[in-house]
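If you read the protein sequences in the order shown, they are chains Z and D. Position 83 of the first sequence, counted from 1, bears residue number 83 in this note's numbering, the numbering being contiguous throughout. Position 121 of the second sequence, counted from 1, bears residue number 121 in this note's numbering, the numbering being contiguous throughout.
Bear in mind the hints are in silico, worked out from the structure with no lab data behind them. Any given hint might turn out to be false.
The list cannot tell twin chains apart, which means a pair is met if one copy fits it or any two copies do.
Stated by the list, open to error - The calculated SDA-like cross-link candidates involving lysine to any residue, where the alpha carbons are at most 20 Å apart (straight line), are: (1) Lys23 <-> Lys101; (2) Lys23 <-> Asp125; (3) Lys53 <-> Pro22; (4) Lys23 <-> Ser186; (5) Lys53 <-> Asp34; (6) Lys23 <-> Asp34; (7) Lys53 <-> Arg198; (8) Lys101 <-> Asp125.
2 protein chains.
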Amino acid sequence: MSFSPLINQLIEALRCLPGVGPKSAQRMAFYLLDREREGGRHLANTLLEAIEKVGHCEQCRNLSETPVCQLCASDSRDRSLLCIVETPADVHAIAQATEYKGLFFVLMGHLSPLDGIGPLDIGLDKLGERLDSGEISEVILATNATVEGEATAHYIAEMAARREGINVSRIAQGVPMGGELEYVNSSTLSRAFLERHRL
Amino acid sequence: MSFSPLINQLIEALRCLPGVGPKSAQRMAFYLLDREREGGRHLANTLLEAIEKVGHCEQCRNLSETPVCQLCASDSRDRSLLCIVETPADVHAIAQATEYKGLFFVLMGHLSPLDGIGPLDIGLDKLGERLDSGEISEVILATNATVEGEATAHYIAEMAARREGINVSRIAQGVPMGGELEYVNSSTLSRAFLERHRL
Ligand SMILES: [Zn+2]
Ligand SMILES: [Zn+2]
Chain Z
1 MSFSPLINQL IEALRCLPGV GPKSAQRMAF YLLDREREGG RHLANTLLEA IEKVGHCEQC
61 RNLSETPVCQ LCASDSRDRS LLCIVETPAD VHAIAQATEY KGLFFVLMGH LSPLDGIGPL
121 DIGLDKLGER LDSGEISEVI LATNATVEGE ATAHYIAEMA ARREGINVSR IAQGVPMGGE
181 LEYVNSSTLS RAFLERHRL
Chain D
1 MSFSPLINQL IEALRCLPGV GPKSAQRMAF YLLDREREGG RHLANTLLEA IEKVGHCEQC
61 RNLSETPVCQ LCASDSRDRS LLCIVETPAD VHAIAQATEY KGLFFVLMGH LSPLDGIGPL
121 DIGLDKLGER LDSGEISEVI LATNATVEGE ATAHYIAEMA ARREGINVSR IAQGVPMGGE
181 LEYVNSSTLS RAFLERHRL
């Protein structure tokens with residue numbers, strides 16, 4: 001026996017969420033239909049609206065519903081500092097955990113030649129223009145402490161080194177090797193940020 | 001700093017899902033917007049359709065997108081057996097784990113006087129009519145092995161005892177006390193079902 005077709009479809013559809021296997025998808029479907037229809041309707045509509053309206057900031061590539069994100073548009077940030085991260089979640093983690101007041105650049109990934117992900121796919125052409133603008137005095141590399149994150153940091157460090165007057169730093173290895181920035185606790189992340197070293 | 005308003009709203013909305021806290025809601029929102037927009041759109045539309053079209057079976061109260069559910073409409077079930085469960089997930093668990101070929105009746109909850117949930121709220125008026133129909137020869141009580149589940153089973157056992165010719169059984173206490181039926185492993189559940197005893 002199986003569920004009615006629509007319930008089966010809902011269980012299947014819920015599995016697109018990260019970390020949701022068949023059992024939790026089933027639990028979520030029943031929960032939504034049993035007792036949280038209003039919340040479910042709200043979730044569905046919010047999700048559709050976000051998917052339709054949230055794009056990428058023209059300047060930093062972060063997720064944004066406006067052409068330029070709030071952070072890039074802010075006049076209270078130090079525009080000479082540029083912190084390079086892999087994902088929007090990393091921007092959030094750093095902004096929460098540290099006193100950093102500069103701008104960000106979000107790669108939306110990392111270099112991964114085996115998967116066919118090259119410099120253009122992570123916006124390094126745009127980053128190059130940014131570095132050429134003469135506005136940046138320090139690039140802080142805050143990619144993940146993974147093999148791909150390290151390789152990406154190394155690649156960007158070389159890009160920056162070719163421009164004059166730009167210091168390049170890497171956040172300290174307080175971040176455990178192999179760890180994803182998003183899941184590091186705040187104090188570790190904060191210290192790693194303070195102890196960044198010039199490359 | 002916070003995310004853009006729509007992203008914040010999406011993170012908030014995702015928290016209506018059971019077991020999803022702030023951190024996983026954030027992770028889900030980024031994941032959907034970063035790399036799973038098609039899946040997200042499909043999820044939203046499926047959820048809206050399910051919420052709109054899935055109601056309750058007229059006969060057993062299970063979730064169903066047709067007035068009478070597939071199981072109640074089937075002509076291959078033994079219509080003299082009626083298994084009483086608390087939730088649609090329990091129907092699924094029993095149908096998967098056991099050889100049971102009768103019908104179900106889904107309370108969509110349990111008696112809970114402190115929360116103001118009485119007999120009418122769990123459909124016992126409809127169950128009474130069902131018992132009066134003369135069609136039922138055995139009622140199998142498969143409510144959870146919790147205090148409320150036991151009390152509900154006891155209440156229904158008394159209802160059935162007032163009708164003539166209806167045997168009442170309770171699934172065996174192979175189900176661990178305090179455990180929720182939905183999470184019991186198949187073999188335990190199957191044995192408990194086979195070893196049900198008359199009340
Ligand atoms: Zn931006
Ligand atoms: Zn039914």
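Each hint, compared with the structure:
no.: 1; hint: Lys23 <-> Lys101; in the structure: neither (43 Å within a copy, 24 Å between copies)
no.: 2; hint: Lys23 <-> Asp125; in the structure: neither (44 Å within a copy, 32 Å between copies)
no.: 3; hint: Lys53 <-> Pro22; in the structure: neither (30 Å within a copy, 22 Å between copies)
no.: 4; hint: Lys23 <-> Ser186; in the structure: between (32 Å within a copy, 13 Å between copies)
no.: 5; hint: Lys53 <-> Asp34; in the structure: between (30 Å within a copy, 13 Å between copies)
no.: 6; hint: Lys23 <-> Asp34; in the structure: within (16 Å within a copy, 25 Å between copies)
no.: 7; hint: Lys53 <-> Arg198; in the structure: neither (39 Å within a copy, 60 Å between copies)
no.: 8; hint: Lys101 <-> Asp125; in the structure: neither (24 Å within a copy, 65 Å between copies)
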